[in-house]
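Asks: Protein sequences, first through last, are from chains A and B. For the first sequence, the positions run 1 to 129 when the numbering used here is used. For the second sequence, the positions run 1 to 132 when the numbering used here is used.
Check before you lean on any hint, since a few could be wrong.
So the derived label-pair ranges between C-beta atoms look like this [what the hints assert, rightly or not]: (1) A:7 - B:63: 34 to 44 Å; (2) A:21 - B:15: 19 to 29 Å; (3) A:80 - B:61: 20 to 30 Å; (4) A:127 - B:119: 33 to 43 Å; (5) B:61 - A:94: 34 to 44 Å; (6) B:5 - A:89: 37 to 47 Å.
Calculated cross-link-like contacts (lysine-lysine; reagent style PhoX-like; alpha-carbon spacing at most 25 Å) [said to hold, decoys possible]: (7) A:5 - A:22; (8) B:8 - A:5; (9) A:22 - B:12; (10) A:22 - B:8; (11) A:5 - B:12.
In short, the hints are calculated from the structure, not lab data. In this text, a Cβ means the ideal position worked out from N, Cα and C, and glycines have one as well.
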Amino acid sequence: MSTLKADTIVASDGSSPVTLTKQFAAKMWADIDMTGTATLDESGNVASITDNGTGDVTTSFTSSMSDANYACSGMTTANAAFDDEGLVHLNYTGGRAAGNCRFGVTDAHNAADVYDFDPVMVIIHGDLA
Amino acid sequence: MSEIITDKLTGKASAGDVTITSEGGSATMQLQQGVAKAWFRTFFSSGTPTSRDSFNIASYVDVNTGRLDPTFTNVMNNDDYVCAGNNHSGNDVNILIGNEASILTTKFRWANYDNGTYTDTALGGIVAGDLA
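Okay, chain B solo, but in the shape it has when bound (with noise of 0.2 Å):
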C-alpha cells in the first residue's frame, strides 16, 4: 500500500474540488461535499451553554432557556445547510432547529423543548453544506 503524507489537499484544476472514488468503484464523489463542516458537544453549566468539544464553533450565543445559537468560525455559503444532533438528558427532550429565518450563515438555532417547556440540557449536532 501506498501512502501519501501531506498537511493539505487542493484541486488542481479548481482549489476547492477534489474528486475521490466510491467504496465500490462505480461512482466519483467530491470531498468537499462529504466533509461535516462543523460539530459541537454542549452542555449547561448554570444555565450558560458550555463547549466540552467542538469543531468550526466560535462561540454560542445563550438566547434564553434551552435556546442557544452557535456561531460558525468559518461561515457557511448560505443558509441552506443542514444539522442533526441529540440531546444526552436520557429524558424525553426533543432538539428542535428554529424556524428558517434563524437559519443564517454565521450561525443557527437549536432549542431543547419537551412538551411544552424549554430545558437547558447537554446536546451535540453536526453540520453538513457548503463553506463560504
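Isolated chain A (complex conformation) (with noise of 0.2 Å):
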C-alpha cells in the first residue's frame, strides 16, 4: 500500500477542488443542547448559534456555503413519557442562506408544539463558496 503524506491538496491548478472519487463530505455538522439557551456541544464548520426561542436554532457556519441550495439532514430525541416525539425541520421562511441555516424541532404528530431537546443533531452536504 502507498501512502501520500500532505497537509493540503488542491487540484493542478493551485487552487480548484481535487476530486475525491466516490465520496462526498459532509459540510457542516452540529450537536445542539436546545435546552434554556441553546448551547453548542461540538461542531464542525460553525462559528456560532443562535437562540431564536423554544425550538428555533440557527447556526452561522464558519466558511459560507455556494448558496442556499444544499441538503439538510437532523435527528433529535423525544420526552422523557415518549407522547412526543421530536421532529427537526427547516424554518418556515426556508430556513437556508448561504451563510447559516435556521431549523426547529417539533412534535412530530403536532406542529405547533414545539421544543428544546438535547441533543439535536445536523449535517449539512452540498457545495462551500
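Starting from two chains that each stand alone, build the complex the way the hints lay out.
Replies: Given below as C-alpha cells:
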C-alpha cells in the first residue's frame, strides 16, 4: 500500500478543489443542546448558534456555502414519556441561506408543539463557496 | 488533468489533518471533518436487527422491540457526535435517537417509535463527528 503525505490538497491549477472519487464530504455538522439557551456541544464548520426561541435555532457557518441550495438532515430525541416525538425541520421561512441555516424542533404529530430537546443533531452536504 | 493514485492519505505535519479546497475556491476545510464516520442500513429479521450493509459498524445490540444500539468498529472521540437517518417502512414511523445517556463513544441508541408503540422497522443512518 502506498501512502501520500501532504497537509493541503488542491487541483493541479493550484486553487481548484480536487475530485474525491466516490466521496462527498459533509460541509457542516453540529451537536446542539437546545435546553434553556441553546449551546453547541461540538461541531464542524459552525462559527456560532443563535437561540431564536423555544425549538428554534440558527447555525452560522465559519465557511459559507456557495448558495442556499444544499441538503440538510437532522435527528433528535423525544420527551421522557415518549408521547412527544421530536422532529427536526427547516424553519418555515425556508431556513437555508449561504451563511447560515435555521431549523426547529416540533412534535412529529403536532407541529404546533415546539421543544428544546437535547441532543439535536444536524448534518449539511453541498458546495462550499 | 493530473491524477494521484494512492491507497492512503496522511497529513504531513499532523497525521489526522489534511486540508482540501472548497468547491468555490474561497475556503478550505479539513478533509477528516467532512467524511462520514459510520453508516448503516439494517432491517429486523424475526425481530433481530440484521445488517444489509454498513461502514464502521461492528454489530447491533438488540435492546428491545424497535430499539437497537449499533456499535462502532472504530470508536468515536467523545459522545458529542451527530446522527441522521430514516426508516424504510413508508408508514408514519419516526426514528429517534436515545437520550443523551445512551449516546456513547462505542455505540448509540436508535428507536423506532410510532405514536405510542415501538416498531421493528427497517432503517438506515449516517454518523458525523470525530473518531478517536
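Asks: Would you mind marking each hint as holding or not holding in the structure?
Replies: Now the hints, each set against the structure:
1. Between residue 7 of chain A and residue 63 of chain B the Cβ separation comes to about 43 Å, which falls inside the hinted range of 34 to 44 Å.
2. A hinted range of 19 to 29 Å holds for the C-beta pair residue 21 of chain A and residue 15 of chain B, which are about 22 Å apart.
3. For the pair residue 80 of chain A and residue 61 of chain B, the beta carbons lie near 22 Å from each other, so the given range of 20 to 30 Å is met.
4. A beta carbon spacing of about 37 Å between residue 127 of chain A and residue 119 of chain B agrees with the range 33 to 43 Å that was offered as a hint.
5. As the Cβ distance of residue 61 of chain B to residue 94 of chain A is approximately 39 Å, the hint placing it in 34 to 44 Å holds.
6. As the Cβ distance of residue 5 of chain B to residue 89 of chain A is approximately 43 Å, the hint placing it in 37 to 47 Å holds.
7. Between residue 5 of chain A and residue 22 of chain A the alpha-carbon distance is near 21 Å, which keeps this suggested pair within the 25 Å criterion.
8. Proposed proximity of residue 8 of chain B and residue 5 of chain A is supported: the alpha carbons are some 8 Å apart, at most 25 Å.
9. For the hint linking residue 22 of chain A to residue 12 of chain B, the alpha-carbon distance of about 24 Å falls within 25 Å, and the restraint holds.
10. Our distance criterion of 25 Å between C-alpha atoms is met by residue 22 of chain A and residue 8 of chain B, whose separation comes to about 15 Å.
11. Distance restraint check for residue 5 of chain A and residue 12 of chain B: the Cα-Cα separation of roughly 5 Å lies within the 25 Å cut-off, and the hinted pair is therefore satisfied.
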